Structure formats: C-alpha cells, structure tokens
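Undergrad: What follows is the residue order along each chain.
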Amino acid sequence: MTDVVATNETILVVGGGISGMTAALEAAECGKDVVLLEKSPSLGGRVSQLYKYFPKLCHPTCGMEINLKRIKANKRIRVLTLAEVSAITGKPGDYTATIRISPRYVNEHCTACGACAEAVAAEFDNEFNYGMGKRKGAYLSSAMAYPQRYVIDPRILGTPDAEKAKSACKYNAVDLGMKEETVNLKVGAVVWATGWKPYDANKIQPYGYDRYKNVITSVEFERLMDPFGPTGGKLVRPSDGKEAKNVAFIQCAGSRDRNHLKHCSRICCMASLKQSTYVREKYADDANVSIYYIDIRAIDRFEDFYKRIQADPKVKFIKSKVANITEDKATGNPILHGVDTEGYHRYDNPHDLVVLAIGMEPSVDASRIMPGVKADASGFIDINATTEAVFGAGCASNALDVNRSVQNATAAALRAIQVVNRVSRAEA
Amino acid sequence: MTDLNKVMVEKYRNDFLKEVEANVEEGNWVKMCMQCGVCSGSCPLGPHWEHPPQEIFMMIRAGKRDEVLRSESMWMCTSCYNCIVRCPRELPITHIMHGLANYAHRLGIAPKLNPTRRFAKMFWNNITAGGRVNELKLSVGLYFMDGFASGIKKGLEMLPVGLGMLKTGRLNPFGLFSGGHCKGAGDIRKMIKKAKEIEDKRKGFAA
Amino acid sequence: MADTKIGAYICKGCGIGERLDTAQLAMIAQKEGKAQVVREHEFLCNSQGVEMIKNDIANEGVNHVVIAACSRRSKAETFNFDNVAISRANLREGVIWITPADDDKKEIVQEMAADYVRMGCAESLKMQIPAGNPSHGNNKRILVVGGGVSGMTAAIEASKTGYDVLLVEKTGSLGGWAAKLHKRVPNTEPYANPMDTGVADLIKKIESDKHIKVHLNSTITKTSGAPGQFSADISTESGGTATENIGAIIMASGFTPYDMNKLPHLGAGKSKDVVDQLGLEALAKAANGGPIKRPSDGKIVSSVVFVQCAGQRSDKEGELPYCSGHCCNTSIKQAMYFKDQNKDIDTVVMYTDLRTPGNGEDFYRSAQKKGVIFTKGVASEVVPGSELQVKFQDKILNEDAIAKADLVVLATGQVANSGVDIEQVPQDEPGKWAANKQSVLNMVYRQGKDLPLLKHGFNDSHFICFPYETRRTGIYTAGPVRRPMDMVQAIEDATGAALKAIQAVENASLGRAAHPRSGDLSFPTFRREGCTQCKRCTVECPFGAIDEDEQRYPQFNESRCRRCGTCMGACPVRVISFENYSVDTVGSQIKGVDMPDQFSEKPRILVLACENDAYPALDMAAMNHIQYSAFTRVIPVRCLGSINTIWVTDALNSGYDGVILMGCQKGENYQCHFVKGSEIAHTRMSKIDDTLKQLSLEVERVKTYEVAITDIQRAPALINEMAETIQKIGMSPLKF
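Protein chains in written order, with the working numbering: chain B, -8 to 419; chain U, 30 to 236; chain F, 188 to 923.
Simulated from the structure, these hints should not be mistaken for lab results. None of the values given here were measured: they were computed from a predicted structure. One or more hints might be untrue.
Stated by the list, open to error - Incomplete in silico selection of chain F near chain B, CB under 7 Å:
| no. | residue |
| --- | --- |
| 1 | Gly200 |
| 2 | Asn233 |
| 3 | Val237 |
| 4 | Ser261 |
| 5 | Thr375 |
| 6 | Cys510 |
| 7 | Gln580 |
| 8 | Cys652 |
| 9 | Asp736 |
| 10 | Asn856 |
| 11 | Ile896 |
Said to hold, decoys possible - The list that follows gives simulated cross-link-like pairs (lysine to any residue, SDA-like), each with its CA atoms no further than 20 Å apart:
| no. | chain 1 | residue 1 | chain 2 | residue 2 |
| --- | --- | --- | --- | --- |
| 12 | B | Lys253 | F | Ser553 |
| 13 | B | Lys225 | B | Lys273 |
| 14 | B | Lys253 | F | Asn380 |
Stated by the list, open to error - Cβ-Cβ distance ranges computed for the label pairs, FRET-style:
| no. | chain 1 | residue 1 | chain 2 | residue 2 | range |
| --- | --- | --- | --- | --- | --- |
| 15 | U | Gly204 | B | Asp231 | 54 to 60 Å |
| 16 | F | Lys293 | B | Lys298 | 53 to 59 Å |
| 17 | F | Ile916 | B | Asp231 | 43 to 49 Å |
| 18 | B | Ala368 | U | Val38 | 40 to 46 Å |
| 19 | B | Lys82 | F | Thr870 | 33 to 39 Å |
| 20 | U | Glu186 | B | Asp319 | 34 to 40 Å |
Beta carbons are placed, not taken as given, at the ideal position from N, Cα and C, and that holds for glycine.
Using the sequences provided together with the hints, build the complete structure.
TA: And the structure:
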C-alpha cells in the first residue's frame, strides 16, 4: 500500500514534466511539502524526449540531471508515478485528491540491474519513441528514467514472460500480484501541470501522415537524433532507411487553423529552425532544408537564432502553407504542392523526408479538472478564471516554450504557497 | 465604362475592399485572409490562374480594382471546394470567386471573351427561359459559340455520340424546336426578375 | 566534532559479488582505507542493508559512510543519512558494467574496484560533515526595485505570501509605462478586444498593503551584503539617504522605449504625425474614447499605418537586432482603438512576420474582423507632409508601393534598463567605491555595480531550464529588464521572481546554498595566513560572491556563494576549501590509487569529470554496456572550475599515464551551470604543457574536453583514445 503523508499544508503537483518538476522543486526548496504525481512510469515529460533545446542547442538531459539531483536530495518531495488524479473535492486550503495508482509490478527492491528485461522476450511499440521501434515487456523508458526502477508491461501478465521476469530478479523486486490502488490525499493547493500533447497529425488529411511513411511529426524527428532512439541516432527516413538529406518542415501543422487548433502553438517555428541544424549536423553541405511557413515567430532574442539560420545557404524559407502532399511511388519521396505567396511562385517540390511542425494541445482539457477551473476555447487553463487554489503551470495553461513554462511553473508554485501559508497562519 | 461601373468607382473612391465587402457575395470575408496561400496551392486549375485567390485578396486590399475585376482568374473556379475545406481562416473562397466574377459581369467589365463567362451566360439564359435546362439547345449553342464553321466542325466530331444517344432515347431532336419549358415558366421568370430587383436594390446597383 | 569513524559497506548485489572478490575489497577498506567498520552485504540497498548502516551510525558511532555499490546517481535517496559524511565507490556503473567479464580481465577489473574502494575511503577520511554557513543573515524582507507592472506584481505577490516588501521607484508615481497606456492587450477569452490596464487596481493594492513600504522619487545608491543580510542605501528626492536592511532583491527596472529619433528615414522627428506606440497611447488617452486626433494640426485621423519592427530585427548600426515580442499585439490593439471608435478609419499594419503567439491568434483574427488590414511589406521611407506617404515593398504583390495616411505609428522596441555593463565599466578598487548614476543597484561588489548582462543589454538567465539563474545570488530580475516582453509575461515573471527571492531568504536563513546546489550546507573557508592576496578567487568567482576586505584579503560572503569550488580551483596556494570538498578530498583519492610499476603494462588514467554532465554520461554508457578501459579511475568534480592544477601535477608526478578533464561546453552557448567553470579550466589547462615539459612528459598525456551529458558513446571513446595513446607513447616514467 502506498502511504503518503499529506496535510492541508501540502501542495499537490499534477504532472511530472519540466513544469511540474519545477513547481514541485521550487515550492519544496521554499520549505513546503509537495506530492508530485506523474501518470507515466518516470518523470521528465516531453522535454526528456527532445534531443536539443532552442536556441542554445543544449541538451535537455543536462537540466534534467540537475532537477533529478534536486529531487533526490529533497525529502520534502514525494514522487508518485503511474498515478493519476481521478477527483479533487473540497475547498481551497482543504482539498481531498483521489489518486489512482496503476501497478508497476516492480517494487522498491529494484536495483535497475536489467536482468528482468534480458529475460523477457515480448516486445511492444516504444512509447518513449512515439511508437517508433520496440522495447521489451520489462523496461526502463530511458537511461535517465527516474525513479530508476523497471516496469513490467501489463500485457505480459499471464504469459510465460511474466514468470521469466520474476525469476530473473534476484531481489524479489518483481511483484506480479500488485494491484491498482486508490489513495486519498489531503492537500491545500494544487498545481496543475499536465502539459501538452502533439495534435493528431492524422487529422491533417492533405499531408497524408497516415498514408506516407516519409511524413513524420516534429516530436518524432527529435527521437531520430537520439543515439539510443529508434534509428540509433541516424537521420534516416522511415520508408527505406535512406539518409534524409533533403528535409522539408511544414509550419502550422494543425496550429493557427480553424479546422484544427485555432491558437498558435508558439514553439513550432523555433523547433523547426532548431531541427534544421540537426540536418546540417548530420549531413553538412549535403543537407538541404526547406521551411514552409506563414509567419516565422522567433520572438525576442530568438530572432538571433532565426537570423543565424537565415544566413545558412542550405536552408530555404518559403512563405507558404503547403496545400497538399503526394508521394512519388518510385522513390518514396513526398512531393509538396503549393504556392510561394511572396510573388506567386507555384512549386511541386520533392523531399526525402517531411517533418510536420505539429501543434500543441493541452493533454487534459482544463474544463475536466474539477468544477471551478475554467478552460479557454483551446482547453488551456484560463488564468483569470481558475479557482482560488488550483493553478495551471506550463503548457496546461498556455502554449509555451520550455523557458516560459518554467517561469510560469515558478509563479504557480508561489500561488500555491500563498494558499498553504494562509492555511498555516489560520491554524497557528 | 458602363454606368454602373462609373457609379461604383465614384461611390467607393479608392476603397476597393469596401466595395467588395458591400457588393460581392461573401466579400466581407476578404479581410480575414492571412496570406498563407493554401487556397492557391490547392486549386486543381491553379496553374492557369494569373492571380490565385490569396493574391486576389491582397490585390483587393491594395485597391487594384481594375486588375482584379478585369481578370480572367476567378472565372477559372470550378467549385471543387478544395480551397474552402483547407482554408485555415474558413474563408468561403469558392463563393468569393464566383461573387467577384458575377460582380465584374454585372459591372460589364468582365473579360468579354472569357469562355466561362459566355457559357455561364448561355446557361443562365437557357435555364431562366424555361425553368429547366434545355440540354440540346445548350450543347448546340455551345458548339456554335465561336462561330458557324467551328460549330459545324464540333457538331460533326460529336455526331457518333449524338447518334448513340438518339438510339438509346437519351436525346430528343425536337428539343431544338420545342420549348421544353416547365409548367409556369413565366412565373419563374417573374420570380427571378423580382429577386434580381431586390438584390440590385440591396447592393445599390439599381441606380 | 567527534572523531572520524568510517564505516565501509560493500554491496554484492547486481553482479558485483559474482564479478568481484568482495572479501578482498573489504580487507582493503579495513587495512588501507582505515575503515573501522567494514561489512559486505548481499543487497545493500534493501531495507535490511540500509537498517544495518543506520544501526552502525546509531550504535557504533559511524559518522563517515563509504558505500561501495552502485553509482552515486543511483539509490541516492536510499543512501541518504542525516549528519553523516557519505562517499560512494562506484563498483557497478564504474567497474563491472564497463568491463568485460572475461577471466583474463579479472585481475585488472578487481584492481579497478579495489582502487575505487581506496579512493572512497581516502575521500571520506578527508571529509567533514558540513554544518551550514554560520555567518548567515535572517532578514526576510524583499526589496523590489521598480514600480511598474513587474515591480508592483512582485511586491504584491511577496506580501501575499507573508513577506514584508520595500518598493523603490525612481519616478514620482507607481505604474511605469503601463500607466501611460490607454488599454492593454486582452489576457482572457475571447481575446477579442482591448481591456483595462488594471494598473489602478495594482496601485490601490500597494497603497493599502501595510506590508509594502514604498519609496517614490528614489534610487538605490548602494547595495551591499548577501542574501539574508543585504543593506541598501536609498536616496530620496529630498536628498536624504535611508539605509534599509533586506534579505533579497528583485530588480524590475523595466525598459526604455527605443529612441525613435534614430529613425529619421521613417519620418520620426520630421513629422509630428509620426509617433511611436507610446505616442499613440498618449493620443488615445487624450481622445478618451472619442476620435483620435493627429498631433500636427488636430485633424481627426481617418487613416493610419502601423510600421512594425521599426528599428528592430535590424542589422543596421544603432538599431535593435532583436524582436520586442509585444509590438504586433500592441499595434493590433492600437488599430482597434481606431476601428472601435469608427469602423471607417483605414488602419493598415505593415509587417514582415506577424507574431501573435498562443491566443494572440484570436486577437489577430478579431482585428481582421474589425477591418484592420494586414500587409506583408517592408517600409523603407515615410515622406512627411499633410498626408504622410509610407513607401514600402509589398512582399506578396512583389512591388514597390505607397500607402497614404494621416498618422504613422512606428512599432519600436524595448531597451532594457539594466544599469551599467560591468564588463565595460572599470571596477572600483577596494575601499574606493563610489555610486554611479547610471547604475540600478550600485552594488559594492568586487565584480561590479550591476548584474552581468546576458545579451543585447538584457539581464536574462542563460539557462533554458532555469530562467531565474542570475549570476548574483539573492538578486533576481523580472519583467522587460530581463528580456523584451508584454504585460502578461511580465506578471508571470514577477510572480516567479518573488518566489525565488523568498526561496533565497529562506535558504540563506538556514545557511544553505541556492540553485544549482540547492540545499548544500558546505561553504568555502580559507586559511588567511597562507593567502597571498593574488585576487584570483575574487576575479574568477562566477557569481561575484567574493569581495576583498580592506586588507585585501578575500571576503567570501558565503550566502552569495553557489558552492561550485571555482575559487578552490583558482587558488595557487590551495588555502580555500569546503568541508566535504577540498584539495585534500580529491587529492587524497588521486594519491589513494595503487600505482603499478612502469613495467607492469597497467597504465592509470585519471578522469576528472563534471558531476552534472560527463559523469552521468559515463554512467549511462555503463547502463548501455558501453565499455571503456579498466585502467581508468574516474573522480566526479563539482565543476571543472574547481579543479586545482595541483591535482593534475600530483597525478602526473605520482605516475598516472594520462589525465583527462571532462567539463561542459564553454563559449557563448556555455553549458556549464557554474557559468565560467569549464572555460576557466580550459584556460588553466592550456598552461599545463609547460608543466608536462618540466616533467619531461608528452603533451598528449593530458587532455581537456567539452563533454555533453548526451555524449554516452563519445565519453568512453575519449577514454579509450587515451588508453591507445598511452600504448603508443608508452608508460609514464614517473612511477616510483
């Protein structure tokens, strides 16, 4: 049974991505007790699946290491993984959160030695790689996974693999009898940091994501750069493993579009500019990048980065929303059709690979969090119409880049602290 | 310049956008375009357009009245609706194109020899005359649109098809002479006339 | 403090027991490592293992614990005991996972493990249990500099959390630029119309809050001290000076609008009817909902052109290279001032990239719906006259064109009020400090009066994951002084900055470090009698923590210190140390390694690896079973900047065949979380060649690399490269 000590001076942070981790850490480092929930088996969220950050081109893993070190060292933070909120009731300063914890089938005895994974044969699509490539039925999502504890995929239960995993473990860490649990936590304030998900690219029919193998999304593209990712860090295209040297980026794939997401997702322009450097990194002067855009939104000093990419003769900018994509059956090349609107130039451009700069939508529609929390029309938490003690952080509250998410999460942590301080003053 | 055209130029001065908004079907959507160009790229006849829709919208905003209204471009629209379904701003582009074409025609400044315009006119006259389309008259009219000689030539080219249709009872040769009108065709004409009056009044064409 | 009693615990789990002779390791811990309690355990991280250690701490008097098991990154929470010095000997990721299990390798693998046990014990012996900075202050009041929206928000939020605030504003009223706005860009559904600025409400809140003390017409003429014990001199309009004590500082000094007179080609200064965005706000405020009149002749404006990116996003000398972020939305809002009053007014926004992120897209659509025309074009010239002519290139229609207007609004940018550039202004000598009028904080810091700039005059953090990392502990920037921003962002930013300020005073009062070593209770001390006053520590400290006292000795200001150890690395006479991290704790590990003789063909490679990036990279290499030479001995360091060259010299002198330093990326996009550590280390090591020559050693024996945490394959490869190099050039002759 999971035992968690929480009081109405405890802050509940929902979501263990960079925003949730930040909110939890900042509050805990102010001396507050925090329970941090994450629905997947490990912390880190979407940034842990990125190769580099814009505009510095540094690795998210670096900041993750610091944040994990902070979490490991801080006894005020209690991390619950595979945990989701099923309900929140009560009033500001006095909430009861009902948490559903799914079984990991691996207990705290796990040393992350990896013996169970070696023993298991079954493989499943690797969600860490957005379904590209496979992982074992007993797995650690990545080398940075925290908690550093393996997970048994429920789909191997009842198969010989489950028993193999169990007997491979010398430390009695595999517990196949583990059951789903529900715990009720008393908390004073809630920081909601459930982040974002990529817009469903299948819905953008003219781009044929569902039909053409060589049309992928920007989040998938990030995974190709991981040396331990689905392609072993090679920038090759899915259909035939051919080197993807001539890469097109389609901006506003789902964003700024009344048929899809009406808001601008803010990050996608910078993400494509950044990803253009990946192609250059891999193929140097053999690389050719085309960025199809409506407006390049490189705000504040990101402009420097935009200028840097603009100066690259191997990167072309085409002011155009691509009309549709067809496929050259013989070569597997996607062909982009459209009109460059700067002076009206029609194009039918073949590329090795097309990357959709996919839009951002909230993972959880804010209107479903609890009564009193209001969503804007895109499902983000409306900052002006939230309850007095449930605060949005990061991409749950707006389409934000990492830096702004962290700022926002820090602000959310303070708002939560204000509530629990009020409680503590009242009780003093 | 026809009278109506003169009136409109006078009325809207330099503000072609306002003129379009007031007089062109769905013209009030023109301002919503964000120049992404997806319409221009989506049009199956796109390569034949001198000015694709998104460019026309920009030209309207830039006050290029004559260039737009005398253009052949919007007459290219075949109502496939690709642009409408893809437009991220939900502009009813197809309708606007037809609206612009119609407006130019009403002003009398549409390109005289544009085949779409001539066909549309022929079709309109045909259907309004009898309340339903007289297909034979329409086809024959179409053949002879560019003169007697080419009409004969086209007719001969289509002869086997025509004979085939005749054989299977798909073509009534007497249609060329008989009216083939629906019942109460006169009343339909009256209704159309009235509707036109109302529209003209609303749009200020009645001057 | 009680005598050191080392307990060494050797885990046999995860294959350690099968691969290694743990009994031999235990013996080494006892005999060579001087551990008084030595225990082997089948599975040290389980509850019995942990209980065993706890029991020894409680009942056997063990106060230094050496865990010979997995990497220090693994099971960190499990092996976390209060008031005990902890060392980790990395036998799993550091030995058995990176070496082959072949029998013929058994000996060298065992030697590797034995050395790590020796090193762990040697480190432990030299460590002390950190007790927290004793000279900390307890002041928890927050000073906010700047009374605009950012400053007011920070003050209100800090007060709301229960902290007293002192707010200093240089002008005679609160509100800043926002008070000069007619309306603001909406921040809520339906994002369609300009809304009230809310500034009056903020001012009212400040004025009615008894926990916020406001100084108007005042500037800071002196800031000294450290978190928890800052002192600020506030010069008031009357000429008097008030000295106030505070615990942390939020610098919300805002921005100055770019001087549009630098844009004469766009008509600025040539026609009164060319205004900047603030000029238009003034006109709108004067009109108060009625028709807006133009400045030159009071004519009601019937047409207006907004020129975006005026003097911004530009490479021209004297113009701003960056984008100010808010101006697209601001022009949209201002165009609505006209359209909402009279829809027949022609409003054209001339832009190159319209930047309305997030729900700004709704605001953009709303403007279009209201009839605002957006033209993608670049304005080249505004010709003055009773009707202004904006010459521009229409990017869509691909032609030069002219737009005529009664009024032209130039969307110029924000210039940060960040004070003096400390890189440019010479520093005051100790004891000769004088206030500078341009400075915002007038800090009495050895490294300068204001916060270091990041770029383009802004004070932003360099780190994407850590936006509040200024390089002066306890001082946080908020709002447009940090980077160009709009009001929504400024409010979020100020709220976050308030948290960081509160966190700083709380940490300071407990004597512990701030980010990134948050919670660290160690702090630097120095042996005054050994100090030669060389100033290297005061100059090299990345956080400006160290001043010089009047006798020119370093003054550490421990609460400002971030515990990176750069000072320790800098000190040529090695008088600076931390309780649990010192020249000795690392030096003794280097010397603790058992050095085989020259003819053994067992070289020794010392790797000093940044604990945040290179060390985890090696750990993850191990998790992926990527192998590297078993002759390697890796020591994690807090930062490459903390590496004292004596370590390298000692290592070479005692017979190491190769030394590798692995730090983070340096240069403009530096990754070092202690800012300059990696860079400084590279500079220091560039002089190592002389040392090598003196020792008659080949220069290839010492390498300094920039290694990223993702270099999981490269980091081991670099080690193996060194092993090959040694094979080529031969063993070091300096083995005795």
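Undergrad: With reference to the structure, classify each hint as holding or not holding.
TA: These are the hints, each one checked on the structure:
1. Gly200: 6 Å, holds
2. Asn233: At 6 Å from the nearest chain B Cβ, Asn233/F passes the 7 Å test, so the hint holds.
3. Val237: 11 Å, violated
4. Ser261: 6 Å, holds
5. Thr375: 4 Å, holds
6. Cys510: Status holds, d = 4 Å.
7. Gln580: Interface hint status for Gln580/F: violated (10 Å vs cutoff 7 Å).
8. Cys652: This hint holds: Cys652/F lies near chain B, its Cβ roughly 3 Å from the closest one there, short of 7 Å.
9. Asp736: It is violated, given that the least Cβ distance between Asp736/F and chain B is near 31 Å, above 7 Å.
10. Asn856: 5 Å, holds
11. Ile896: 5 Å, holds
12. Lys253/B <-> Ser553/F: With a Cα-Cα distance of about 12 Å, the restraint between Lys253/B and Ser553/F holds, given a limit of 20 Å.
13. Lys225/B <-> Lys273/B: Given pair Lys225/B, Lys273/B holds - Cα atoms ~8 Å apart, limit 20 Å.
14. Lys253/B <-> Asn380/F: Between Lys253/B and Asn380/F the Cα gap is close to 17 Å, so the pair holds against 20 Å.
15. Gly204/U <-> Asp231/B: 54 to 60 Å: 59 Å, holds
16. Lys293/F <-> Lys298/B: 53 to 59 Å: This hint holds: roughly 58 Å between Cβ atoms.
17. Ile916/F <-> Asp231/B: 43 to 49 Å: 46 Å, holds
18. Ala368/B <-> Val38/U: 40 to 46 Å: Roughly 42 Å apart at Cβ, these two residues keep to the hinted range, so it holds.
19. Lys82/B <-> Thr870/F: 33 to 39 Å: 59 Å, violated
20. Glu186/U <-> Asp319/B: 34 to 40 Å: 37 Å, holds
Hints 3, 7, 9 and 19 from the list above are not met by this structure, while the remaining hints are.
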